[in-house]
Amino acid sequence: MSANPPQFHDRATTGRMMWAIALSLLPAAGWGVYRYGTPALFIIMVAVGAAVISEGVIGLIRRRPTLRDGSAVLVGLLIGMAMPPWVGLHVPATAAIFAMLVVKWSFGGLGGNWMNAAAGGLVFAFYSWNRQMIGPGVDGESSATVLATVRGALETASGPVGGPVGLLRAVGYPVSSVDASVTDWLNARVLTVVGANLPGGYVDLFLGYVDGAIGEGAVALLLIGTIALVATRVIRWEIPAAYFASYAIVTRVFGGLVFGDGYMAGDVLFHTLSGGVVFAMFYLAPDLSSAPTNRTGMLVYGAGAGALTFLFRFYGAYPGSGAFAVLVMNTVVPLLNRGLRPRRFGTRRRRDPGGRVRAIAGAGRKP
Amino acid sequence: MMRTATFPVGGLYPVHHKHAAHRRAIRNAILPAVSIVPLRQSHGPDAELCVAPGDRVGEGTRIGRAVGDLCAHVHSPIPGLVREIRPVTLPDGVISTAAVIDLAGSFDRLGKVLARHEWKTLRPGTLLRLIEDAGVVGMSGVSQPTHAAIDATAAASCRWLIVNGAESEPYVCADHRLMVEHPAEIFEGLQIVERLLAPDRVAVGIGADKRDAMRRMRAHDNDGRRRDYVRLSVKYPQGDERQLIRAVTGLEVPSDGHAIDVGCVTISAATLYAIWEAVVTRKPLYERVVTVAGRGVARPGNIKVRIGTPIGGLLAECGGVTDPVARIVIGGPLRGYATTDLTTPVLKYTTAVLVLTAAEVNAAPIVGCIRCGRCAEACPMGLDPAQLYKLVAHGRSGDAVDYGLFDCTECGGCGYVCPSRIPLVDGLRNGKANR
Ligand code: SF4
Ligand code: SF4
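Chains as they are written, first to last, in our numbering: chain A, 1 to 367; chain B, 1 to 435.
Hints should not be assumed to be uniformly reliable.
Partial selection, computed: residues in chain B whose CB lies under 10 Å from chain A [unchecked claim]:
hint, residue
1, VAL253
2, PRO333
3, MET381
4, LEU383
5, ASP384
6, PRO419
7, ARG421
8, ALA433
Since the hints were derived computationally from the structure, they do not count as laboratory data.
All C-beta atoms in this analysis are idealised placements derived from N, C-alpha and C, irrespective of residue type, glycine included.
Throw the hints in and build the complete structure from the sequences for me.
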């Protein structure tokens with residue numbers, strides 16, 4: 001142990017932070033298991049197991065075990081939760097192994113990977129098992145993701161449609177009784193004050209009463225988890241905030257005003273609450289290792305990921321657009337880290353008439 | 001006039017741990033039976049020894065004569081006999097010659113009310129000589145002989161004189177108590193320095209957590225001169241010279257320059273008190289207030305203690321060590337050094353002796369950097385410590401210098417926040433040494 005300073009430390013350790021993130025995901029994962037039953041549990045367990053085994057094997061080879069830092073469990077959990085409940089178990093297994101071996105360890109492990117491991121594994125799965133990941137019901141069957149249902153409904157719809165939620169109603173997508181009562185209450189007690197009216201369906205999206213990936217549905221629980229992480233300073237608020245702001249603006253402007261009705265219809269609420277956007281916003285983008293290290297960089301990175309998520313979603317309509325956007329933004333992180341770091345202290349200067357660097361321009365308050 | 005200020009880039013809010021000591025009055029330590037007085041009492045060379053074993057010394061007898069501007073006179077803190085001269089290792093690892101003095105004989109000053117000398121009629125040169133004779137040095141942080149610092153800056157034009165009452169290191173509250181209990185003396189010390197430097201403006205910066213100190217200091221400001229009282233954020237390292245100047249004046253000390261390049265001089269409350277003692281009571285600097293704190297010590301508090309007192313004696317006086325101890329720290333927890341040697345003496349710039357338990361240290365195994373960016377966020381100098389550390393580790397200290405290695409003030413903030421416990425400050429120091 002060194003006698004050199006500092007002599008004490010913040011409570012946070014790498015391991016504690018990873019475990020804290022994993023812990024904050026558990027309520028949302030639990031909701032998914034409750035809603036979809038044992039298949040969902042198996043998928044999550046297989047993803048976590050595959051990630052842990054991969055990490056363990058690498059630890060054995062490197063003779064330096066790294067399982068205790070919790071990052072393998074976290075990556076596995078993220079991948080498992082982003083899977084729809086109907087995929088075969090080989091999908092989460094392969095995605096997790098890919099994430100650990102290729103994305104994480106081929107770059108030297110935790111902190112060496114410039115690419116978000118979980119997002120990498122997920123995108124790999126979306127490419128390899130595209131139909132499975134979207135679900136059997138692209139044509140509007142009940143087990144499809146809610147997003148695929150909207151897209152399917154749009155293709156069969158005739159005449160004017162009322163945005164994504166209207167489309168869901170048009171094809172008879174169910175509204176839960178919870179949604180009905182909460183929406184009624186909100187409309188009667190809260191929203192009348194501002195003269196607004198919330199149509200049915202959004203509360204379902206917020207609470208997770210729609211079909212989709214196992215752990216992405218319970219937006220409310222993910223939100224609580226993230227608030228806890230931000231409050232305990234495990235993750236920074238800048239990335240999710242910038243992500244949301246940019247995604248909302250772009251969805252409103254391009255998905256609404258520019259391209260009008262139909263799939264997007266400028267419905268920020270629907271498109272934030274559905275299809276795993278929140279999952280990417282809260283849990284993939286703010287990844288400690290692959291996100292930028294300075295504040296301005298974080299804001300730019302979040303904003304970029306938000307805009308790209310819209311783009312991939314508008315043209316792709318598949319879930320996973322968030323993960324893809326995060327991966328693309330990962331490639332510019334080194335640039336953001338270098339270009340947007342704060343100015344070093346004491347480097348703002350002015351030259352006096354003799355050309356000698358003297359004082360600081362503009363900074364001093366006049367006596 | 002009062003305003004609140006801080007520095008813009010970086011900084012952190014470490015757990016402050018000050019509640020244990022900062023409300024209790026300063027206690028006087030029992031005199032040490034043996035005093036170990038190193039001749040290096042500032043960040044400069046050893047003073048020249050002017051006693052020999054067997055010599056009888058009085059309280060305040062000069063035992064080391066300053067050589068050059070980086071060195072200050074050293075005085076005997078107790079009356080007694082010089083037992084031996086031997087090398088000791090100071091907390092930062094530097095080896096210094098020390099005089100070991102056994103307590104004997106009678107006291108000239110202890111327990112007596114010292115006569116107050118009028119200073120307003122004295123010439124600046126005389127004032128400066130009094131400060132020099134008393135061996136006053138900067139008493140918190142980087143320690144420089146005060147007379148030399150004042151002398152060097154008196155020639156340049158001093159736009160700002162800033163009193164440093166930030167004391168942003170966790171645990172440490174010695175200056176806080178001094179400001180609360182001796183505001184009149186500190187204020188008079190300030191007047192002496194104002195006389196020497198003739199600054200355009202004077203500011204007193206006090207940490208926002210020391211409202212009582214602020215109140216007391218302002219209450220004694222009664223000579224009609226305009227002074228800015230600045231409430232400083234509790235952010236660390238607000239007490240560092242560059243961050244203090246930035247907060248109070250908005251000026252940035254250039255990366256390759258010194259405070260005086262932007263016309264600023266800073267001086268801590270404890271140093272002002274020592275100047276007051278030197279000039280008004282003609283007492284050499286041979287005792288100071290030290291914060292003794294940490295969960296491992298039974299009765300934490302601020303103790304007025306003779307320089308050269310072994311820390312073991314100081315701790316015994318505070319009820320001894322209770323819990324299983326993880327570290328004994330000399331100085332603040334972010335800049336200080338750990339030691340296991342209880343004979344390590346208190347120096348003129350020893351602000352604190354901390355006994356930390358494992359729950360306070362939060363040690364953890366060193367693991368790989370996860371590139372979380374916390375260190376860069378904390379760095380008050382706008383550096384990327386992780387990157388500098390990697391460059392140094394790969395033998396590319398030259399590149400690290402281009403990225404600001406020498407801007408690093410070794411504040412320890414990066415090391416405090418790093419979740420992977422990477423020894424960033426060690427690494428950066430190595431880089432500076434082996435550039
Ligand atoms: S705080 Fe530690 S782990 Fe994080 S980037 Fe800095 S050195 Fe790496
Ligand atoms: S020790 Fe140096 S690099 Fe680390 S935070 Fe302080 S100034 Fe920055």
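These are the hints, each one checked on the structure:
| no. | hint | in the structure |
| --- | --- | --- |
| 1 | VAL253 | 6 Å, holds |
| 2 | PRO333 | 4 Å, holds |
| 3 | MET381 | 4 Å, holds |
| 4 | LEU383 | 7 Å, holds |
| 5 | ASP384 | 6 Å, holds |
| 6 | PRO419 | 4 Å, holds |
| 7 | ARG421 | 7 Å, holds |
| 8 | ALA433 | 12 Å, violated |
Checked against the numbered hints above, the structure violates only hint 8.
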